[in-house]
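**Student:** Protein chains in written order, with our numbering: chain A, 1 to 325; chain B, 1 to 530; chain C, 1 to 312.
If you are wondering where the hints come from, they were derived from the structure by calculation, not from laboratory data. Even glycine gets a Cβ: it sits at the ideal position worked out from N, Cα and C. One thing to keep in mind: the hints can contain errors.
Computed from the model, here is a short list of chain B residues facing chain C with C-beta under 7 Å [said to hold, decoys possible]:
1. Gly95
2. Thr97
3. Asp100
4. Val192
5. Glu193
6. Thr247
7. Thr251
8. Arg314
9. Val317
10. Gly383
11. Gln386
12. Asn389
13. Thr399
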Amino acid sequence: MSVFILRRLLQSALVMVAMAMIVFFGIHMVGDPVYMFVSPDMDQADIDQVTRALGLDRPIWEQFWAFMTSAIQGDLGRSFVFGESALGLILQRMPATLELAFSALLLAVVLGIPLGLYAGLYPDSKTSKTIMAGSILGFSLPTFWVGIMMIMVFAVVLGWLPSTGRGDTVDVFGVKLSFLTLDGLRHLALPALNLALLKISLVIRLTRAGTREAMLQDYIKFARAKGLSRNRIVGVHLLKNILIPVVTVLGLEFGSLVAFSVVTETIFAWPGMGKLLIESIQQLDRPVIVAYLMMIVFLFVIINLLVDVVYSLLDPRVRLADRGN
Amino acid sequence: MKSIKAPLVRAVFYAACSTVALAGTAAAEDITIGVASEATSVDPHFHNLGPNNQLGFMIFDRLANPDERQNFKPGLAVSWEPVNPTTWEFKLREGVTFHDGTAFNADDVICTFERAPEVPNSPASFSTYIKGKTFEKIDDYTVHVKTEEPYPLMVNDLGNIAIISDEGGCNGTTEEFNSGVASAGTGPFKFVEYVPGDRIVLEGNDDYWGDKPTWDTVTIKPIKSGPSRVAALLAGDVDVIGGVPTTDIETLKARDDVTLSQGVSNRVIYLHIDQFRENSPFVKANGGGDIKNPLMDQKVRLAISKAISRELIRDRVMEGLSIPAGQLLPEGFFGVSENLEPETYDPEAAKALLAEAGLPDGFELTIHGPNDRYVNDAKIVEGIAQMLNRVGIKAQVETLPRSVYFSRASRGADGLPEFSLILVGWGAGSGEASSPLRALIATNNPDKGMGTANRGRYSNPDVDAVIEEALSEVDDAKRQDLLAKATEMAIADLAIIPIHYQVNTWASRKGLSYIPRTDEYTVAYGVVKD
Amino acid sequence: MSASDPVDTPTVTDTTEAQTATVDTPLRRFLSDYCDSPLAVGAAVVLFLIILIAIFAPWISPQDPYDLAVVSIFDARMPPGSYAMDGTPFLLGTDGAGRDLLSAIFYGLRISLSVGVAAGIIAIIVGMSVGLAAAYAGGRTENLIMRVVDLQLSLPAVLIALILLAILGKGVDKIIIALVVAQWAYYARTVRASALVERRREYVEAAACLGLGHARIVFRHILPNCIAPLIVVGTVQTAHAIALEATLSFLGVGLPPTEPSLGLLIANGFDYMLSGKYWIAVFPGVALLITIVSINMVGDQLRDVLNPRLQK
């Protein structure tokens with residue numbers, strides 16, 4: 001197993017270097033950040049000075065080399081816009097994004113599994129049909145559109161919940177968390193639900209499909225024949241077996257939640273790293289864009305590795321080995 | 001309309017409830033301000049950028065502080081005057097202390113002007129305002145500033161620079177400003193906390209030398225999207241917002257729980273015209289063939305100006321929030337001409353002029369503009385293109401995000417401005433007419449800092465001479481006349497085609513209002529209780 | 001589709017045991033299965049109408065919304081049901097630049113659908129070739145290809161597209177590239193999975209023994225059996241592509257304003273949400289919604305029909 005993990009990590013490092021290279025060179029072809037920052041009444045000498053200060057006067061290869069050498073030491077460059085360490089900026093905003101993503105994940109499980117179970121157990125009932133139609137809607141509704149509508153309805157028309165921002169936070173070991181205050185929770189509700197919507201639908205469908213298949217399996221038939229109560233069959237035998245795929249998928253989907261938070265954060269002005277990415281793209285803050293990508297690829301590598309390991313623990317039939325053979 | 005009214009009435013009700021609740025729980029002396037752009041740093045010298053200057057206005061003082069009309073009022077200097085043609089004397093205010101308790105004196109001024117142009121990693125420093133000047137401490141409360149040539153705009157330049165403390169600030173890094181270690185100023189508000197992306201918190205400085213601040217705690221929240229900012233105000237999350245989108249003003253006006261404050265800005269929205277290339281890249285003959293650049297013909301430029309109904313743009317695009325422009329700055333600013341009126345809309349005359357210029361059937365043209373920079377920029381460009389089509393100029397539109405627009409508009413692949421006809425805006429940072437004249441009208445000469453934003457490359461040596469003369473004329477009355485004269489000459493040449501001056505809107509909950517500023521900033525001391 | 005192909009016949013008997021997704025039922029059976037759900041039939045009809053609108057937009061729109069000689073800001077922000085000066089009705093109102101919203105939606109559908117479908121087709125071609133190559137080649141090549149596919153699938157499509165567009169800039173071609181890059185791996189995985197199953201079948205081995213060429217085996221025998229899952233994945237992914245394009249355009253990194261897809265129309269309308277001019281954002285949003293929902297419902301039904309495991 002350790003050989004497997006080591007190999008995976010090595011491959012991942014390779015991937016990260018390749019990604020960094022593609023993005024670094026690609027992003028240098030878009031626009032000229034100097035003209036984003038200088039005020040138009042500056043003279044040429046000042047503009048040249050800015051170009052030098054941002055290190056953009058050097059040839060691109062040299063810039064890449066400088067980036068790589070300091071990246072190895074954990075320094076992913078300095079934001080053009082903020083003048084601070086790009087990695088620092090991202091880490092600073094990461095707790096907000098992770099909090100949002102975890103809340104969405106929680107919502108997806110809490111709402112998705114019971115609804116999916118119901119739809120799977122009683123596939124022909126009216127309620128189930130409604131649930132499934134709702135899940136198609138959840139899949140189809142673009143996140144950004146739902147977000148706008150949520151602000152419209154809950155914040156503006158009804159005035160129940162705040163429209164944007166993060167609200168009060170509590171410091172826990174130096175990390176700011178908002179779910180521990182009422183104000184924070186109120187701010188969290190809409191964006192978390194917005195982000196969760198897609199995943200709720202996904203969990204509903206996974207659970208339903210799993211339930212329907214499992215109900216045809218011999219072990220359920222056997223349990224039924226043995227006269228076990230329906231609750232026990234569903235609660236123990238069924239749930240245990242359908243949880244494995246749900247857990248795996250949700251684990252993998254956590255990364256996609258982090259990625260999709262870009263959209264939600266932009267609409268709800270949630271101060272996370274997704275909003276930072278969009279703003280950095282708009283302002284051509286190249287170091288932050290590159291650093292974000294490196295971070296997120298790293299995050300994904302870790303998540304995938306964890307999911308594989310957990311999966312193997314949950315299901316002893318799965319052996320950790322390189323797939324594809 | 002009926003269906004939408006019902007929820008709105010309910011919204012008023014709920015918003016009213018939440019306002020009452022707010023007044024009941026929180027102290028009335030706290031306000032939350034929603035702003036469009038976030039300051040990127042608390043360090044006032046890190047980046048010469050609107051949102052950063054806006055923040056700096058609250059925490060720091062300048063030698064002279066610009067008021068809401070950008071007139072310079074005594075700040076940390078109580079008076080200034082030229083003692084000889086090349087030396088200005090600033091008398092400093094006594095008895096002022098920084099937020100960290102240290103006393104203010106000439107040493108702080110000297111170290112500020114040493115640090116401001118030299119901040120590491122600065123994406124655009126304040127060196128423009130400081131270069132060519134030498135600073136000398138005469139005594140603790142007197143400073144002399146010397147230049148090579150007579151320089152009338154001394155206060156306008158130095159009024160841009162926030163004064164920091166030589167004990168804490170001058171050696172501070174940008175990070176130390178952001179964390180609060182180095183960020184002591186002398187301004188009406190003290191820095192408390194900076195949570196990037198979320199909020200900046202300030203508290204009132206009870207020892208302020210000027211008018212005592214009304215607010216105990218000020219929370220500034222960046223909310224980038226206009227509609228979200230309005231939603232936040234209506235939901236009671238913020239008390240005041242700046243940059244109210246024109247689209248929402250009609251609705252907000254109809255509500256009695258919201259107060260609107262409006263004022264004209266120093267920003268002129270105008271067209272820059274390629275008048276230096278025989279072959280302009282985005283001008284084509286009808287059918288797409290090459291054509292000698294018709295924009296070089298003054299008649300054609302006049303035809304374009306006459307084809308544009310500035311009133312229609314004001315009424316239908318800006319929803320009434322613009323003032324048709326005939327020159328570079330609205331009336332009331334120093335250096336504007338009293339003889340210039342906006343061009344009158346006359347499509348028939350425009351067609352006649354085109355015919356006179358030998359182009360009775362017009363030509364093809366692509367107009368470029370930004371789509372995320374000025375109020376309704378993309379819609380203005382589209383409106384202009386529609387009107388040009390009405391007089392026979394087959395205009396197409398391409399709008400670009402500012403991240404690519406401005407670099408291409410200034411310097412395309414060959415180092416020259418890339419477009420033929422562009423929509424741009426210019427805000428006179430100095431609060432008088434030399435700023436746009438120098439940057440937009442003067443012949444492009446980046447080494448001398450002239451015509452730096454002259455993206456049409458208009459060039460008239462006679463106009464240049466008048467501008468140069470104005471820039472070294474210390475006598476205010478004479479300078480006013482010279483600036484007005486240069487403006488009149490440039491407008492007569494159609495160096496640029498002014499469209500309108502932006503009118504900015506702030507909205508606040510009932511009981512508050514905002515003193516509109518021509519520099520478009522939203523500052524806490526501008527929020528007043530009714 | 002290949003029911004007349006004699007070599008296909010053995011698979012009919014095979015299917016029930018091997019439990020694989022193959023479209024071996026006659027067309028009629030497929031149709032009658034599909035028509036089991038009236039909802040799905042409705043969705044198919046709606047989808048067909050939408051496609052017709054998209055194709056014939058320039059001919060059926062009341063106005064050419066992008067001809068600046070026709071559109072006038074004088075008509076800006078008119079509510080649904082109002083009339084222009086010359087008496088042309090604006091059924092769904094006008095937007096901030098004075099264009100007829102109905103026409104703008106028709107044109108927007110055209111752009112959104114063509115981007116989604118173009119991206120889908122290219123992604124299918126790329127994914128299919130890679131998947132087939134992997135399945136047929138086997139060994140190290142397959143291993144390497146599938147590693148790349150796995151890696152790609154582990155990154156969310158929205159992120160890949162976002163980063164790509166940050167690098168490439170805006171444009172129709174660029175967003176198509178971004179969507180293809182974000183989605184090809186789904187097809188590759190699907191095709192490889194079904195191809196692998198087919199490759200090990202006796203009839204393929206028999207064909208190989210008969211000395212039939214690689215190309216013939218792949219295209220005549222393996223590929224037809226991959227079609228069913230491809231159709232299912234294809235419909236769902238096309239819906240995704242359309243939604244993704246709208247999202248990216250809304251975020252301001254997708255299409256330029258000169259190519260106003262539904263996403264851009266919604267983004268423009270977002271500015272008017274609070275001012276009571278709901279129609280500018282709501283109607284394009286509804287159009288987008290109907291499009292995506294109908295594609296997804298058709299896709300859903302296809303999956304149920306084409307997946308024999310769920311057939312009672």
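**Student:** Run every hint past the structure and note whether it holds.
**Tutor:** Hint by hint, here is what the structure shows:
1. Contact between Gly95(B) and chain C, as hinted, is not supported at the beta carbon level, the nearest pair being about 48 Å apart and thus beyond 7 Å.
2. A distance limit of 7 Å between C-beta atoms decides the matter here; for Thr97(B) the minimum to chain C is near 45 Å, and the interface restraint is violated.
3. The closest approach between the C-beta of Asp100(B) and any C-beta of chain C is roughly 42 Å, which is over the 7 Å cut-off, so the hint fails.
4. The criterion of a C-beta within 7 Å of any C-beta in chain C is not met by Val192(B), whose closest approach is roughly 31 Å, and the hint is violated.
5. With a least beta-carbon distance of about 29 Å to chain C, the hint placing Glu193(B) at the interface is violated under the 7 Å criterion.
6. Annotation: interface hint on Thr247(B) holds; nearest CB of chain C at approximately 5 Å, less than 7 Å.
7. Hint status for Thr251(B): holds, given a least beta-carbon distance of 5 Å to chain C, under 7 Å.
8. A least Cβ separation of about 11 Å between Arg314(B) and chain C goes past the 7 Å threshold, and the interface hint is therefore violated.
9. Because the closest C-beta pair between Val317(B) and chain C is about 6 Å apart, less than 7 Å, the hint holds.
10. Here the hint on Gly383(B) is kept, as its CB sits about 4 Å from the closest CB of chain C, short of 7 Å.
11. Given the 7 Å rule on beta carbons, the hint for Gln386(B) holds: about 5 Å separates it from the nearest Cβ of chain C.
12. With a cut of 7 Å, the hint placing Asn389(B) at the interface with chain C holds, because the nearest CB-to-CB distance is about 4 Å.
13. For the restraint placing Thr399(B) at the interface with chain C, the shortest Cβ-Cβ distance is roughly 5 Å, inside the 7 Å limit, so the hint holds.
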